[in-house]
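One letter stands for each residue in the lines below.
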Amino acid sequence: AQKITQTQPGMFVQEKEAVTLDCTYDTSDPSYGLFWYKQPSSGEMIFLIYQGSYDQQNATEGRYSLNFQKARKSANLVISASQLGDSAMYFCAMRENQAGTALIFGKGTTLSVSS
Amino acid sequence: KAGVTQTPRYLIKTRGQQVTLSCSPISGHRSVSWYQQTPGQGLQFLFEYFSETQRNKGNFPGRFSGRQFSNSRSEMNVSTLELGDSALYLCASSLEGAGSYEQYFGPGTRLTVT
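So the protein lines, in turn, are chains A and B. In terms of my numbering, the first sequence opens at residue 1 and continues consecutively. In terms of my numbering, the second sequence opens at residue 116 and continues consecutively.
Any given hint might turn out to be false.
[Claimed, not checked] Straight-line Cα separation of at most 30 Å, DSS-like style, residue types lysine-lysine; simulated pairs:
id	chain 1	residue 1	chain 2	residue 2
1	A	K73	A	K107
2	B	K172	A	K70
3	A	K73	B	K172
4	A	K70	A	K3
5	A	K3	B	K172
6	A	K70	A	K16
7	A	K107	B	K172
8	B	K128	B	K172
9	B	K128	A	K107
Because the hints were derived from the structure by calculation, they are not lab data. These numbers come from a predicted model, not from an experiment.
With the hints as extra help, turn the sequences into a complete structure.
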């Protein structure tokens, strides 16, 4: 079974609109972390946001917020006020405490922002 | 603070050859992880080094190996290259401990095997 599932291969949004990228995960480890990365066409992976399994509040970093619903095993990324520069591939990833630092990635969602 | 650097950025090799890729982590980071990214398999964890020791290993054949030096720089080696090894190889460094969990990635090395 896939540990990280991103069901949206592509998303389209207009500038200044908000967009939600879906991510569900599967783990039996009670201690884990969830990450979102952005990968522009240049290939570099850019860290966006992190949520720990024991964090009580949803993580936020500027225009990025993580909608963490632990019971549903969901960790959706919300980008507010989209910008043209947000067009990229977005990956959800999980780190299980028992697996050390290894990140398990989803297949990614391509976000296209238009003017 | 300088980011993670990887050299070379692009590489073309022939089947059967071997290749060595290099990764210099962010200053002060002692953990270096390697990932392979292909269109078919996506991003897959190769291995992680911490203080010159391999701490974790993904599900890759023994042709893939790595090492870490005392200055935390890391190299990965792929021997007897196959066409399927064509990929973007990313390394990531992290500052273990002190509640820091983020992994910062380098720009990657794009390997093409012909």
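- prompt: So which of those numbered hints doesn't the model satisfy?
  reply: none
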